[in-house]
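Chemist: Each chain, written out:
Protein chains: 2
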Amino acid sequence: MRIVKNTGAKIAAVLIAFLFQITVKAQTMNTNSNQNTTSVFPKGDLAPPEYFTGTAWVKTLVANDDTLTTIISNVVFEPGARNNWHIHPAGQILICTEGIGYFQEKGKAIQTLHAGDVVKILPGVEHWHGASHTSRFTHIAINVNTEKGVVNWLMPVTDVEYSNK
Amino acid sequence: MRIVKNTGAKIAAVLIAFLFQITVKAQTMNTNSNQNTTSVFPKGDLAPPEYFTGTAWVKTLVANDDTLTTIISNVVFEPGARNNWHIHPAGQILICTEGIGYFQEKGKAIQTLHAGDVVKILPGVEHWHGASHTSRFTHIAINVNTEKGVVNWLMPVTDVEYSNK
Numbered sequence: 001m002r003i004v005k006n007t008g009a010k011i012a013a014v015l016i017a018f019l020f021q022i023t024v025k026a027q028t029m030n031t032n033s034n035q036n037t038t039s040v041f042p043k044g045d046l047a048p049p050e051y052f053t054g055t056a057w058v059k060t061l062v063a064n065d066d067t068l069t070t071i072i073s074n075v076v077f078e079p080g081a082r083n084n085w086h087i088h089p090a091g092q093i094l095i096c097t098e099g100i101g102y103f104q105e106k107g108k109a110i111q112t113l114h115a116g117d118v119v120k121i122l123p124g125v126e127h128w129h130g131a132s133h134t135s136r137f138t139h140i141a142i143n144v145n146t147e148k149g150v151v152n153w154l155m156p157v158t159d160v161e162y163s164n165k
Numbered sequence: 001m002r003i004v005k006n007t008g009a010k011i012a013a014v015l016i017a018f019l020f021q022i023t024v025k026a027q028t029m030n031t032n033s034n035q036n037t038t039s040v041f042p043k044g045d046l047a048p049p050e051y052f053t054g055t056a057w058v059k060t061l062v063a064n065d066d067t068l069t070t071i072i073s074n075v076v077f078e079p080g081a082r083n084n085w086h087i088h089p090a091g092q093i094l095i096c097t098e099g100i101g102y103f104q105e106k107g108k109a110i111q112t113l114h115a116g117d118v119v120k121i122l123p124g125v126e127h128w129h130g131a132s133h134t135s136r137f138t139h140i141a142i143n144v145n146t147e148k149g150v151v152n153w154l155m156p157v158t159d160v161e162y163s164n165k
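Protein sequence lines correspond, in order, to chains W and U.
Residue numbering for the first sequence follows my numbering, beginning at 1 and increasing consecutively.
Residue numbering for the second sequence follows my numbering, beginning at 1 and increasing consecutively.
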């Protein structure tokens, strides 16, 4: 019976070691997958605090030029972060790629955004966008027809306005 | 000792069950992470065979309109798939989001593309893009200034041209 006891204990010990290994592997896989989803693009530079509340990161993917007249940026908002109210004279398109975000046009309710959502913002429409209270949010922002203007920044989105969700 | 034996066996049984659960969880996490990276957008429709070689999928994210004058599509190329030689009268921007792809301008060498790469295609430049031989490839394609035209399709990329990589 001693042997049996030892065998049982050894099986348990081996399984514990294997279990630990699997658990570590699972965590590694999760980390890798997060890197895949969050790091298709580098985080870029801190968003300018005069136009953003909280922490956000902007990576320019396409700089403006006279031929394509388009600016494309990848923007990562930490939870609670958002940009000021603003207007795009030529409009903008948001392609949401990760997390949960908010979008609001002046006078309308805050909308919740998820990965895969696409938002068309028409020229002249006052609005803001950012992360939800508890989740990071990433979108690609596409400013088209930049010869007509890019952005006019307005007032910050107050905590009261943001909490209206 | 009978108790000890039973305890050892029970520990082993519980650990085996727990181990199985963890393994299943790890697989689920992996599946989910793949979904995140490959399925931010639905696959969409099969790309038209008259303009593509092999299997590709096109999901329109933004349809054309007179205000934003922009078309955005998510395109998934299965390994070996590519579009025909073609020209965009107003240019196009590719944002590579997954896998390994190829891009070639007429008269130049084939370039390899990876997730995170961005390609600016100038108006009038004859070119093609697609997956590498062995990896699926996904990009977001952005046609700007569509009032100047969207695409002029030309000849298929032959196996000889494609294999020149």
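Keep in mind that the hints are not guaranteed to be accurate.
Just so you know, same-sequence chains aren't split out, so a pair can sit in one copy or run between any two.
As the list claims (entries may be wrong) - Okay, derived cross-link-like pairs now, SDA-like style, lysine to any residue, Cα gap no bigger than 20 Å in a straight line:
| no. | residue 1 | residue 2 |
| --- | --- | --- |
| 1 | K148 | A109 |
| 2 | K120 | T67 |
| 3 | K120 | D66 |
| 4 | K120 | E147 |
| 5 | K165 | E78 |
| 6 | K120 | P42 |
| 7 | K43 | A115 |
| 8 | K59 | E126 |
| 9 | K43 | E126 |
| 10 | K148 | N64 |
| 11 | K59 | K108 |
| 12 | K120 | V62 |
| 13 | K148 | T53 |
| 14 | K148 | S135 |
| 15 | K106 | V62 |
| 16 | K120 | G107 |
| 17 | K148 | T67 |
| 18 | K59 | T134 |
| 19 | K59 | E161 |
| 20 | K120 | E50 |
| 21 | K43 | K59 |
| 22 | K165 | M155 |
Since the hints were derived computationally from the structure, they do not count as laboratory data.
Chemist: For every hint, state whether the structure bears it out.
Modeler: Here is how each hint holds up against the structure:
1. K148 - A109: Classified as neither: same-chain Cα gap 28 Å, cross-chain 36 Å, threshold 20 Å.
2. K120 - T67: Intra 22 Å, inter 10 Å, cutoff 20 Å: inter-copy only.
3. K120 - D66: Cα proximity of K120 and D66: across copies only (13 Å, versus 23 Å in one copy).
4. K120 - E147: Both. Shortest intra-copy (18 Å) and inter-copy (18 Å) distances satisfy the 20 Å Cα cut-off.
5. K165 - E78: within (17 Å within a copy, 41 Å between copies)
6. K120 - P42: between (25 Å within a copy, 19 Å between copies)
7. K43 - A115: Both ways: K43 and A115 sit 17 Å apart in one copy and 14 Å across, limit 20 Å.
8. K59 - E126: So K59 and E126 fail the 20 Å test inside a copy (23 Å) and across (29 Å) alike.
9. K43 - E126: neither (26 Å within a copy, 33 Å between copies)
10. K148 - N64: both (12 Å within a copy, 18 Å between copies)
11. K59 - K108: Neither. Shortest intra-copy (29 Å) and inter-copy (29 Å) distances fail the 20 Å Cα cut-off.
12. K120 - V62: both (19 Å within a copy, 8 Å between copies)
13. K148 - T53: neither (27 Å within a copy, 39 Å between copies)
14. K148 - S135: Answer is neither: 34 Å inside a copy and 40 Å across each miss the 20 Å cutoff.
15. K106 - V62: neither (28 Å within a copy, 23 Å between copies)
16. K120 - G107: within (17 Å within a copy, 37 Å between copies)
17. K148 - T67: both (13 Å within a copy, 12 Å between copies)
18. K59 - T134: neither (22 Å within a copy, 30 Å between copies)
19. K59 - E161: neither (27 Å within a copy, 35 Å between copies)
20. K120 - E50: neither (25 Å within a copy, 31 Å between copies)
21. K43 - K59: within (6 Å within a copy, 27 Å between copies)
22. K165 - M155: Close inside one copy (19 Å), not across copies (52 Å); limit 20 Å.
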